[in-house]
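Residue strings, one per chain:
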Amino acid sequence: MSALLEVDGLSKYYPVLERRLFRASKQTEIRAVDGVSFSVAEGETLGLVGESGCGKTTTARSILNLVEPSDGAVRFQGEDIVPVFRGGDRARILAIRRSLQYVFQDPYLSLNPRWTIGETLKEPLRVHRPEAPETWDARIGELLRMVGLEPHHAWRYPHEFSGGQRQRVGIARALAIEPRLLILDEPVSSLDVSVRAQILNLLAELQDRLGLAYLYISHDLSSVRYISTHVAVMYLGKLVEIGPVDDIFTRPRHHYTRALLSAIPVPSPGAAQDRIVLQGEVPSAMRRPTGCPFHPRCAAALPVCAQSEPLLMPPSAPHRAACHNPL
Amino acid sequence: MLSTLAPASSPPVVAAPAPLLQVRDLRVHFHTREGVVRAVDGVDYHVNPAETLGIVGESGSGKTVSSLATLRLVPPPARMAGGQILFEGQDLLAKKPAEMAALRGRRIAMIFQNPATSLNPIYSIGAQLGEILMWHEKASRAEADARVVELLGLVGISDPGARLRQFPHELSGGMKQRVGIARALLCNPSLVLADEPTTALDVTIQAQILELLADLQKRFRMSMVLVTHDMGVVARMASRITVMYAGRVCESADAATIFNAPRHPYTRALLESMPRIDHSYTGAARRPLPTIAGRPPNLLNPPPGCRFHDRCPEAAPECRRLLPLETPVGPGHTVSCLKRGSEGIAA
Amino acid sequence: MGTARYIARRLIFSLCLILGVSVILFAMINAIGNPVEVLLAERPGITEEMIQAVTEYYGLNGSVTDRYFTWIWALLRLDFGTSIIYNLPVSEMLVTYGLETLKIQVPAILIALLVSVLISVLAATRQYSRVDFGVIASAMVGHSMPGFLLGIVLILIFSYSLGILPSYGAYSTRNPLWGSDVADALWHMVLPVGMLVFFNCATLTLLLRSSLVDVLRQDFITAARASGLPERRVVFGHALRNAFIPVLTYLGILFGLMLGTAPVTETVFTWPGLGALYIMAIQQLDYPLIMGATMVITVMLVTATLLTDIAYVAIDPRIRLG
Amino acid sequence: MSDATLPAIAAPRQRAPGIWRQSWYRFRRNRAGLIGLAMVTLVVLVALLAPFAAPFAPDDTSAMLRGAARRAPSALHWLGTDRNGYDVFTRMIYGARTALAVGLGAMIIASVIGVIIGGIAGYAGGMVDELLMRFAEFFMVIPVFVVILAVVRLFGIVVVGTWLEDIPNLNLMTIIVLLGCFEWPPIARMARAEFLRLRNSEFVEAAHCIGSSRRDILLRHILPNAMPPLIVLVALGIGGAILAETMVSFLGFGDPRAVSWGQSLYFNYEALKVAPWAVLSPGAALFVTVLGFNLLADGLTDAFNPRTRQ
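Protein chains in written order, with the working numbering: chain A, 1 to 327; chain B, 1 to 347; chain C, 1 to 322; chain D, 1 to 310.
Okay, chain A solo, but in the shape it has when bound (with noise of 0.2 angstroms):
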């Protein structure tokens, strides 16, 4: 399998400027993201997790250049497309963003409440296929069946709609120009619990259908499990742990990860779980420690951490970690 998207030290930052009343300002930075690698395969799903702050939003809106990276390159079909959206060629932006999609977190704040779900499915089309108004119709209504809703639905607006039955719509319009990778951005998270496990289904029943590939952003790691065939764990804006999903959930060898994992409450009384709670909090992105940003939290940590900052080893093997004392 070939990489479909490949994001290679990409990084965020975003100056700060501390201003002082009699002294000059201080230009500081935050680095939401901090030189992040990975690569997303044909079909496959990367699951991207971590906790609020973490950098995993930033990540996905520096590859869709929602926000501009402020390093690195992201490969999409083998190409950088970071100095594409820089060089602001429309015709070589929208063959980008015709392949590469994004589902967001909400599925009421991302629909135009003022449009009826076909006007919003329409605005793909207008832009992508111009060329062929008269076939529009007919795809809105194939792509509303597609995600289980029924042609009529196009009438109706927004607020008629139930979250689960908005968030379908945020993935018809994503998948209105058939893209070749989905980034899902927390899509069940706003849901009931019911409704869920209808979007995950259609989720993988999508993939399985159309070879997509996703990069599922979430905090939720059940649903991580559920959909991904690889995950990547971040802390503080870096990658500290890549590799297949079972690997990740069965051996974690980064500390961060297994206290993660270890503090999803399993829903079975008295399962013989291995609690791991952590000490404190994630520091303030102004405030990154030196050398590895987990080690203050960290149990296992060792002098050297507090100075270098581990890499993900071994490198180019599948499962990869961040740590001078891996498990």
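Treat the hints as calculated values from the structure; they're not laboratory data.
Among the hints, erroneous ones may be present.
[Stated by the list, open to error] Below, a sample of chain D positions facing chain A; criterion: calculated Cβ distance under 10 angstroms:
#1 T61
#2 S62
#3 L65
#4 S74
#5 N169
#6 S201
#7 E202
#8 A206
#9 A207
#10 C209
#11 D216
#12 R220
#13 P224
[Unchecked claim] Distance windows between CB atoms, simulated:
#14 A:R287 <-> C:L122: 25 to 31 angstroms
#15 D:W24 <-> A:D208: 44 to 50 angstroms
#16 D:A193 <-> B:H169: 19 to 25 angstroms
From the three backbone atoms N, C-alpha and C, an ideal C-beta is built for every residue, glycine too.
Chains B, C and D: place on chain A using the hints.
Quick look at chains B, C and D alone, frame taken from chain A:
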């Protein structure tokens, strides 16, 4: 006099204890322009001394409203439409407002879902916590401060003395929730209502808070009602569980029974539909998850009969007509389902 | 640190505002040419020589920038020049008339604040009740009632029909009422202050009530009640202070509005205040007086805004982060 | 395929009620808003039908010649006559035209300036935003009313002897333009807040992902969604502008050739004691108009904001 941190005085329970809190046929209705929303419509549950009861349900199941109703704090346009809430044998609904206020915060306390909005942004931590002690226990400022510092330390806040002068916006989400917990425990209550106490928090912080709550509950032998939508959280925390759906109770039992031998079709479906982190779904193992078709009913106009019948795989014609009542199916295990032998009433 | 920086920033901005207004004002006045020429042009029978003489007297021969800096420099020394029409020092007139304006405006704001707090609490704690509805309806009517119209109605009722309150002026022309100057002054204040209170009260109540209703719905209010605090403490201690935060901005604006519309108020009640002085100055094109009065009104307004900014810091700890 | 069944829908409907129609449904249930709408409609109808509704011509001073000035209301002069011999009722009706012209004219100018400045500030962000908003703040703090009085008076002198003098109702137009130029900051602030909110909203980001052009995003996504709160502000502003014009005229700085409520107040205020009807009638008309627009704005706030009252 200030109570000390010694465990509460109730003796260890041996045989079937009298429940500390007993809720009977509770009804809370929201009077909206569109009509009456039956948010809680005939709910029964009880909490024994020194145990944790988990109330699980999806959004709109009435779980939060029923816990607010225990304190008689349902927000307008909601109104208590009936039922009994017996706390230590006395009906709270029959109490005068002043008597009720004297119970709140002292005997029954509450932990809120969103730590960011449940602390007053313009008062320092010390001021808003101390005020409660000064009111309930007639403590002096200094006594109150000392007790607040003690409790902040107890809930795992470092340097509690300095925190007294801090404001909520200066604390992280996890810290704010710890303050919220300290506030609930100030007067050594015998019952704590925790409404989704960890939903707004990250998983590793959630683990910290859950551990803290479990520890405090054991230490002070208090009873706790833990309201949540997360089956994993109740599995970790609760000794007994009540499952709610659309304003009514489906099933109540001890935790092991709910997870290992659920009887109500909704409980079963809910458990099955969750992907689990301890299962592998790679390759051919990724089969479609069992789902619950449709969506929860609109409580403005709930379906007649069993509230779950239009999504239930086992629904029979009588389920459309008759509202099932809670029926015991085992020791400490009750189910409301006509197919499990519940009596039905035409409603 | 944060607080000091915040206040310093607002202070600097306020100074910039005052400076900006002075530039605009000066430019405007000078856009019409030599103001004295214009003034005298409206009075027939004036010769070129006379214009020349007055122009020289007021130093209007230099370039525009020169004149601006001369003026600003004089202003900084609190030298506002001499009124052309009244031939009195402008600064003296501004103080006399300004105090008369503040005499009705400041009490009006304070009384309105107190009354609207009480009414808002009454209404907001009984949301959707008849009391609430009555308060909203009358506040809406009061808020829409133009202040000067209300003043006219009050004069018709209390002065002309009932004859119990004076309809004009700040003092009796001949004998003070009851032989006491203080009582006389207070008695004259009743109508203008009453009108301003009514108008401000309506507007403040509308704002404060809706803000209070919002705050009362917040989690921390439920939390305060769940902690067993008495309702009085929850409403006055926890809700009211929070509800004031959005209203505070408006308080500054309201004071500005009152000052801005002082010409109307003072015309209705023939009150010898800054607004009435300003009208006279414009009508007569009394150049130094227009400049002086505008600057004083601006400074008062900017000060009111600055004070509300500072009050924010006192009431809302979140501001301190800047 | 997941087996989720959707709630059965009887028949495929045509377009469901859109957001505007929904707002209308909510508005209809708001009594205050409806009263406001009725009052505003009344004022608009009176203004449109003035020549048919008024018993006299607006410049008819024949009562003066008959010695019937300052007469109390009678069968002939329903609301009496004023000190110039005008029929008070007629002047009140024609005044609605001036009032609406002032309100609409000023708010059109203010909206255009406000939306452009606020939109640029909100969409561009950064330094541009900072500068434009400070500029708006500056306009909010200067004593607008006082400045308008000065400008109207001085402008009246400047135009003497120029071609501008021949423009009919020049003075009134000056007032309208000035009100427009001073009333834009609240609109700009609201427009900025809305543009900022919408620019970062998920559905706009979704449009970016699809590849919609910047123009489409601004005109088809952001602007229509920013409208509701702006409409409320404009409704409030119309009432405010009418009130301001009346006050300017009341002080004697208005357009002597315009038939406006403020002019009537100005001419008749000195005779308040002997002919109160000549003052109270235009005053009442002004009150009804301002109240109407305020109530309308209140109703619109509710209608556009489903969360405020549930």
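Grab the minimum C-beta distance from D216 of chain D to chain A and call the hint holds if it beats 10 angstroms, violated otherwise. Hint holds; D216 of chain D Cβ to chain A Cβ min 8 angstroms, cut 10 angstroms.
Take the C-beta atom of W24 of chain D and the C-beta atom of D208 of chain A, compute their distance, and say whether it sits inside 44 to 50 angstroms. Check passed, 46 angstroms falls within 44 to 50 angstroms.
Chain A contact restraint on E202 of chain D - CB to CB distance below 10 angstroms: This hint holds: E202 of chain D lies near chain A, its Cβ roughly 4 angstroms from the closest one there, short of 10 angstroms.
Just to be careful: measuring from the Cβ of A206 of chain D to every Cβ in chain A, is the smallest value less than 10 angstroms? holds, 5 angstroms
Pairwise beta carbon distance, R287 of chain A to L122 of chain C, judged against the given window 25 to 31 angstroms: 49 angstroms Cβ-Cβ, so the 25 to 31 angstroms window is violated.
Any CB of chain A closer than 10 angstroms to the CB of S62 of chain D? violated, 56 angstroms
Minimum beta-carbon distance criterion (10 angstroms), T61 of chain D to chain A: violated, 54 angstroms
C-beta pair A193 of chain D, H169 of chain B: status relative to the range 19 to 25 angstroms that was hinted: holds, 21 angstroms
Does the nearest C-beta of chain A fall within a distance shorter than 10 angstroms of the C-beta of S201 of chain D? holds, 6 angstroms
Evaluation of the interface hint that places L65 of chain D against chain A, nearest CB under 10 angstroms: This interface hint is violated because 61 angstroms lies over the 10 angstroms limit.
Let's test the interface hint: is any C-beta of chain A closer than 10 angstroms to that of R220 of chain D? holds, 8 angstroms
Hey, does the N169 of chain D contact hint survive, CB to chain A under 10 angstroms? It is violated, given that the least Cβ distance between N169 of chain D and chain A is near 40 angstroms, above 10 angstroms.
In terms of the numbered hints stated before, the structure departs from hints 1, 2, 3, 4, 5 and 14, listed from lowest to highest.
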